[in-house]
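Number of protein chains: 2
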Amino acid sequence: MQQDDAIGALGALAHASRLEVFRLLVRAGPSGMAAGEIARALGSLPNTLSTNLGILSAAGLVSSRRDGRSIVYAARYESMRDLLAFLMEDCCAGNPEICAPLTQTPQPACAGEGGAC
Amino acid sequence: MQQDDAIGALGALAHASRLEVFRLLVRAGPSGMAAGEIARALGSLPNTLSTNLGILSAAGLVSSRRDGRSIVYAARYESMRDLLAFLMEDCCAGNPEICAPLTQTPQPACAGEGGAC
DNA sequence: TTGACGATTCTATTTTTCTCGAAATATAGA
DNA sequence: TCTATATTTCGAGAAAAATAGAATCGTCAA
Numbered sequence: 001m002q003q004d005d006a007i008g009a010l011g012a013l014a015h016a017s018r019l020e021v022f023r024l025l026v027r028a029g030p031s032g033m034a035a036g037e038i039a040r041a042l043g044s045l046p047n048t049l050s051t052n053l054g055i056l057s058a059a060g061l062v063s064s065r066r067d068g069r070s071i072v073y074a075a076r077y078e079s080m081r082d083l084l085a086f087l088m089e090d091c092c093a094g095n096p097e098i099c100a101p102l103t104q105t106p107q108p109a110c111a112g113e114g115g116a117c
Numbered sequence: 001m002q003q004d005d006a007i008g009a010l011g012a013l014a015h016a017s018r019l020e021v022f023r024l025l026v027r028a029g030p031s032g033m034a035a036g037e038i039a040r041a042l043g044s045l046p047n048t049l050s051t052n053l054g055i056l057s058a059a060g061l062v063s064s065r066r067d068g069r070s071i072v073y074a075a076r077y078e079s080m081r082d083l084l085a086f087l088m089e090d091c092c093a094g095n096p097e098i099c100a101p102l103t104q105t106p107q108p109a110c111a112g113e114g115g116a117c
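One line per chain: the protein sequences are R and H, in this order.
Sequential numbering from 1 applies to the first sequence in this note's numbering.
Sequential numbering from 1 applies to the second sequence in this note's numbering.
Calculated directly from the structure, the hints in this document are not laboratory data.
Treat the hints with care, as some may be off.
What the hints assert, rightly or not - Ranges of calculated distance between the beta carbons of each label pair, as one might list FRET restraints: (1) H:Arg27 with R:Arg40: 41 to 47 Å; (2) H:Arg69 with R:Gly29: 52 to 58 Å; (3) R:Ser70 with H:Pro46: 51 to 57 Å; (4) H:Arg27 with R:Ser31: 36 to 42 Å; (5) R:Asp4 with H:Gly43: 42 to 48 Å.
The C-beta atom is built at its ideal place from N, Cα and C for all residues, glycine as well.
Please take these sequences and the hints and turn them into a complete structure.
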């Protein structure tokens, strides 16, 4: 991942509605959600949501596929992983001993679910 | 970390100069760098850099302390860890089996240094 | 106190981003 | 084909962010 890609992804997520959309899609899992479903879930206007989905898509954070009349969006976990790797890479490059705790901190949401994180 | 904090941090990093500053400070380590040093290293104007350092500071991503005539900035690793945890928390909440690979992917910069990441 | 230096703040201009109404496109079913 | 549904695209106005010159503030040393 290059700096421009990281800026695109960070900028796409640095927006209340888009961050909500992304988190919703992350929770929705690989099956994704139709644009209309997302709009109803978050109470957003269809055209505004479409613009924001376009920005998330351009940043590579979500994928889309047509299903009949609907267009189904899903989070791209790979790009999220790349973004985290990019940020951590910088951290590790200079100070591996400081970076280490970043990934070893237990995640609250996962602490009781087998410790996958 | 709340959504507003995450948006602040993401927005602060979603800017070419600020991301460079942050990465530079991450590489510089806990001893940090004076504002003037940063300006010389990145070729930025003092006043523009000061504005950007202020934004990074307001987002909690860097700390500052005066040292004589200089003001020394340093990356706040804790806030970076919080941001990553916030993003991962969302991921894990719905799909721990998908989230797992995020933290288990070896980091290129650390692969040969003991695998701390 | 004076001068030099390091950094920030003020201010105005430019640029970018956000939002939403209206119109357009694509699909499905009668 | 006609109609309804789902979504996107267009366009304009409003809001926010970025930039840089000029002025200001704090510190140090003579």
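Practice prompt. If any of the earlier hints don't hold here, list their numbers in rising order.
Written response: 5
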